[in-house]
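In terms of numbering that gives the first Met the number 0, the sequence shown opens at residue 0 and continues consecutively.
None of the hints are false.
FRET-style restraints, in silico, Cβ to Cβ:
1) Lys193 <-> Ala33: 34 to 44 Å
2) Glu135 <-> Leu3: 45 to 55 Å
3) Ala33 <-> Ser266: 44 to 54 Å
Don't read these hints as lab results, they were simulated from the structure. All values derive from a computational prediction rather than experimental measurement. Ideal Cβ placement from N, Cα and C applies to all residues, glycine included.
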Amino acid sequence: MKKLNKDIAALNRFSAGRVAVIGDIMLDAYLWGAVNRISPEAPVPVVDVRRRSCCPGGAANVMRNLATLHGQAKAFGIVGNDPAGREVINLLKDYGTDVSGIIRSNERRTTEKCRVVAGAQQLLRADFEDTTPISETDRDKLVGKIVRLIRKKEIDAIIFDDYAKGVLCADMLKIIIKEARKNRIFTMLDPKPKAGGVTPVAGLTLLKPNRSEAFALAGINDPGPAATPDKDQMLHRAAEKIFEIWQPENLLISLAAQGMILFPAGSAPQIIPTRAREVFDVSGAGDTVAAVCTLALATGCDVRQAAELANRAAGVVVGKIGTAPILFDELMAAINDNQ
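Construct all of the structure, not just a fragment, from the sequences and the given hints.
Here it is, written out as structure tokens:
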């Protein structure tokens, strides 16, 4: 009961959390329909599209999760001067997100991922994107905006959400992290260890990869999970390597069906078992974990409690179809139900 009350109190503080999110803003589009025949032109299904829907994706989905948890989200990133860019900005506005930090560029298009779904089955995804690095001018503008917020003490935490689409780079993170540490502001990176992703930077409050990302960050081949995370010697070796290379204060690795493992710097690893009851779609689950964990840290939780709350939230969103956020009432219900 004591823990339950502590978790409920933590959620009720979320509305005070002021979190800046900087990263790759995307539009997730869905074409919903039915398949009744095969095309005479090629052996592919013909989808009779009944409707189209859109939602914030990538870093914008982290922003949406913060908003649906009653947190105060401030958006930073680049979109194109195109219909998709206008659409994602308007969607974020609808959630009450501060979008004044988003730059509209005439030099690149908005990243859009269009999924074609028949019934409950995703048939394909078409991506529209530019992945070249953004200009130094735009990067300097983003850094300047965030540094000013830090110095004016108008934010409590920063999420760097990297999808390797060209917005983030190590140099900009170093500047922001240095300023954040001076002002005791939490920083978290959701990394994308592939070409175009952020190279190692030290000083993060929390680094949050999934298992495959963790092994890639460590430069170690993943032999596959052991029976339990505490017995997974290669996973622990990868964590040690990440601490050597990245030097974060804390490392949280998502392990799908095995839950999560938290490596606090200088302390023993802590296993956080999965809370998912049924998995339909893992799309956006990492965004939910990033939002909940950072919002919890920003409003007074220790890293263990923040990770546990994030784990509960992930257990809810993987039971939904498509990229869906965690709602405040859903997370409160999950805690009360002791799932």
